[in-house]
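Once you have looked at the hints, place chain B on chain A.
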Amino acid sequence: MSDWLEATFTQQRPQALAALTRYFRDIDTAEDAFAEACLKALKVWPATGAPRDPLAWLLTTARNAGLDALRKSQRHHASLARHSAEFQTMTEATPDPDELRDDVLRLLFICCHPELERRDQIAIALRIVAGLSVTEIARGFLIKPKAMEQRITRAKKKITSGSVAFKTPTPQERGARLGEVSLMVYLMFNEGWSASGGETQIKLTVCEEAIRLARLLAELFPAMGEQTALLSLLLFQHSRRDARIDADGQLVALDDQDRNQWDMSQIAEATALLQKAQRINHRGVYIIQAAIAAVHARARAAEETDWALIAAHYAALYTLQPSPVVRLNQIAAEAKIEGPAHALTALEPLADHLSQYRWFHAMRGGLLQDTGDHPAAIAAFEAALSLGPTAPERAVLKEKIAFSKKELSEM
Amino acid sequence: MIYAITIYGEAGLFETLPKERQDEVLAGHGALQEALKKRGEFVSIKLMPPTSAVMLEPAPSADHPPLIVDGPYAETKESFLGFYAADFENLDDALAYAKMISSPVVRLEVRPVAWAGGAISSE
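First to last, the sequence lines map onto chains A and B. The numbering used here numbers the first residue of the first sequence as 1 and each following residue consecutively. The numbering used here numbers the first residue of the second sequence as 1001 and each following residue consecutively.
Think of the hints as simulated: they come from the structure by calculation, not from any bench. Honestly, I wouldn't trust all of these hints.
No more than 20 Å apart at the CA atoms, straight line, and that leaves these computed lysine to any residue pairs for SDA-like [to be verified]:
| no. | chain 1 | residue 1 | chain 2 | residue 2 |
| --- | --- | --- | --- | --- |
| 1 | B | LYS1077 | B | TYR1008 |
| 2 | B | LYS1099 | B | GLU1109 |
| 3 | B | LYS1077 | A | TRP4 |
| 4 | B | LYS1099 | A | GLY49 |
| 5 | A | LYS336 | A | GLU304 |
| 6 | B | LYS1038 | B | LEU1026 |
| 7 | A | LYS40 | A | THR94 |
| 8 | A | LYS72 | A | THR60 |
| 9 | B | LYS1019 | A | THR10 |
| 10 | B | LYS1019 | A | GLU208 |
| 11 | A | LYS43 | A | THR60 |
| 12 | B | LYS1019 | A | ALA130 |
| 13 | B | LYS1019 | A | ARG241 |
| 14 | B | LYS1019 | A | LEU204 |
| 15 | B | LYS1099 | B | ILE1002 |
| 16 | B | LYS1077 | A | ARG52 |
| 17 | B | LYS1099 | A | ALA50 |
| 18 | B | LYS1077 | A | THR60 |
| 19 | B | LYS1019 | A | ASP242 |
| 20 | B | LYS1046 | B | ASP1023 |
| 21 | B | LYS1077 | A | PRO95 |
| 22 | A | LYS400 | A | THR390 |
| 23 | B | LYS1077 | A | PRO51 |
| 24 | B | LYS1046 | A | THR271 |
| 25 | B | LYS1077 | A | CYS38 |
| 26 | B | LYS1046 | A | GLU269 |
| 27 | B | LYS1077 | A | GLY49 |
| 28 | B | LYS1077 | A | PRO97 |
| 29 | B | LYS1019 | A | ILE202 |
| 30 | A | LYS40 | A | GLU6 |
| 31 | B | LYS1019 | A | THR205 |
Examples of chain A residues toward chain B, derived with CB under 8 Å [stated by the list, open to error]:
| no. | residue |
| --- | --- |
| 32 | THR8 |
| 33 | LEU231 |
| 34 | ARG279 |
According to the in silico footprint, chain A covers these stretches of chain B (three or more CB under 8 Å from chain A) [stated by the list, open to error]:
| no. | region |
| --- | --- |
| 35 | 1016-1024 |
| 36 | 1046-1052 |
Source: prediction; values computed, not measured. Note that CB positions come from ideal geometry on N, CA and C, so glycine has one too.
So here's chain A without its partners, still in its complex pose (with noise of 0.2 Å):
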């Protein structure tokens, strides 16, 4: 029975924790409250039967665990005597919605603290929000458990001594907050995404929790286009996370994938969401990069893929956001239409800039390669080896070395 539940206490965590943390003002409180809630469910629950409203039975229960708690506990008297009018009044209801947003979007705040490295931020977001186990975080970022602790200790420290407001935001507050935490949520993915030897398990969970993410943020906000593009926009990569890697573990280019491995019910999703983002027609970074990701996943096999449309959607998107790599990109685009010299010439003014990029110079070797320059390719290669590649992007790299180096042989 345990696992069905453990489901629902899943599911439940982000909007219960959110709120417990505003009720409780600090998250160790809520953590434990949430958790002596669980188990108190799994004692009742397979004798009553599970409630109709499991967020509503699990908060009531938890802020009662938590006052005891609270009660018993001298050093938060203080705390205690400063609540104690609203630590009174006790109703069992369905959280408002409109509260219940606000919370989830400020826990999820709470998580970006300014002081803390991305990564830092990332890694407290699934543990406290998703509730991973500080190992299977550390797995997913590569490093050992025991550092991975004290890194998370030390991002929890600095969160709950920040001074997040707790009452109502305003309108420009949630914007900005939103803001944050879309582009959080948007950088767990990558975290996810990003190529790496092995460990892909937990890796596909990162991002999945990501889309877990993305799911509550749209729930929470369906008049927000954004985040409707954004989890259109994760749903569309993540269905080819099957094609992307073979059975060796190595990177597949999009190029060379097979299609017939995506995901198509996912695909189905994120045209649905995509559409639906569309229709509030905002512009915005991700339903841009949504919109791309979108003519990518239309095409039946890659040389149907309407490139020109992909170069006219990163040129919207340079205007929004224009850095090298939006530029970069924009150009892989053109050069399918315009060729190889076309888009080694557009590379140019961007080789100060991305001089210490590793996809420009894989990217410039290739369009070389294309030319027939196999030496300038090969330079260009061993540039994008000396970057500190991924070891399945590294072997890539070394395929494509090794292909210009028999070239030149045969010439």
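Leaving out everything else, chain B in the frame of chain A:
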């Protein structure tokens, strides 16, 4: 009589279950679909999560079109996930089939259909 077996639960909960439990649930649906196929026409539908939905609210007045809103707004309770519809001998027969897809994460409702058109019809 045509009966609809409607499924209510929390969207996304199935995906959170461990693989073996997911397989158990899917095996139930596989068995039900096999059994229904042998009997004749049936309809089965699984809806996408509510996040993908758009709502049409009634028009504010006669000369306005219906309002299209971006909801549904977050619902912490269970939602409508999907349904089966098929011709059954009687209520007991329909209940016997519904049992095949019962699991701790969903609530099932078995309700007679007043009218149906399309693949199965109430003619």
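So, going through the hints one by one against the coordinates:
1. B:LYS1077 with B:TYR1008: holds, 10 Å
2. B:LYS1099 with B:GLU1109: holds, 11 Å
3. B:LYS1077 with A:TRP4: With Cα atoms ~17 Å apart, B:LYS1077 and A:TRP4 stay inside 20 Å; holds.
4. B:LYS1099 with A:GLY49: Holds, at roughly 17 Å.
5. A:LYS336 with A:GLU304: It holds: about 11 Å lies between the C-alpha atoms, which stays within 20 Å.
6. B:LYS1038 with B:LEU1026: The hint holds at about 19 Å.
7. A:LYS40 with A:THR94: holds, 19 Å
8. A:LYS72 with A:THR60: Holds: A:LYS72 and A:THR60 sit about 19 Å apart, inside 20 Å.
9. B:LYS1019 with A:THR10: Holds: B:LYS1019 and A:THR10 sit about 15 Å apart, inside 20 Å.
10. B:LYS1019 with A:GLU208: holds, 14 Å
11. A:LYS43 with A:THR60: Since the Cα atoms of A:LYS43 and A:THR60 sit roughly 16 Å apart, the hinted pair holds (cutoff 20 Å).
12. B:LYS1019 with A:ALA130: With Cα atoms ~19 Å apart, B:LYS1019 and A:ALA130 stay inside 20 Å; holds.
13. B:LYS1019 with A:ARG241: Holds - the C-alpha atoms of A:ARG241 and B:LYS1019 are around 17 Å apart, at most 20 Å.
14. B:LYS1019 with A:LEU204: Between B:LYS1019 and A:LEU204 the Cα gap is close to 14 Å, so the pair holds against 20 Å.
15. B:LYS1099 with B:ILE1002: holds, 17 Å
16. B:LYS1077 with A:ARG52: Within the cut-off at roughly 7 Å; holds.
17. B:LYS1099 with A:ALA50: holds, 18 Å
18. B:LYS1077 with A:THR60: Distance of about 15 Å is within 20 Å: holds.
19. B:LYS1019 with A:ASP242: holds, 17 Å
20. B:LYS1046 with B:ASP1023: Satisfied, since the Cα-Cα distance of roughly 16 Å is no more than 20 Å.
21. B:LYS1077 with A:PRO95: The given pair, whose Cα atoms are some 10 Å apart, holds under the 20 Å limit.
22. A:LYS400 with A:THR390: OK: A:LYS400 and A:THR390 at ~15 Å, within 20 Å.
23. B:LYS1077 with A:PRO51: holds, 10 Å
24. B:LYS1046 with A:THR271: holds, 17 Å
25. B:LYS1077 with A:CYS38: holds, 18 Å
26. B:LYS1046 with A:GLU269: Since the Cα atoms of B:LYS1046 and A:GLU269 sit roughly 12 Å apart, the hinted pair holds (cutoff 20 Å).
27. B:LYS1077 with A:GLY49: holds, 15 Å
28. B:LYS1077 with A:PRO97: Cα-Cα ~11 Å, so holds.
29. B:LYS1019 with A:ILE202: Since the Cα atoms of B:LYS1019 and A:ILE202 sit roughly 15 Å apart, the hinted pair holds (cutoff 20 Å).
30. A:LYS40 with A:GLU6: Answer holds: A:LYS40 to A:GLU6 is near 12 Å, not above 20 Å.
31. B:LYS1019 with A:THR205: holds, 13 Å
32. THR8: holds, 7 Å
33. LEU231: Cβ of A:LEU231 sits 7 Å from chain B, so the hint holds.
34. ARG279: holds, 7 Å
35. 1016-1024: It holds, with 4 qualifying residues against the three required.
36. 1046-1052: holds (count 5)
The structure shown violates none of the earlier numbered hints.
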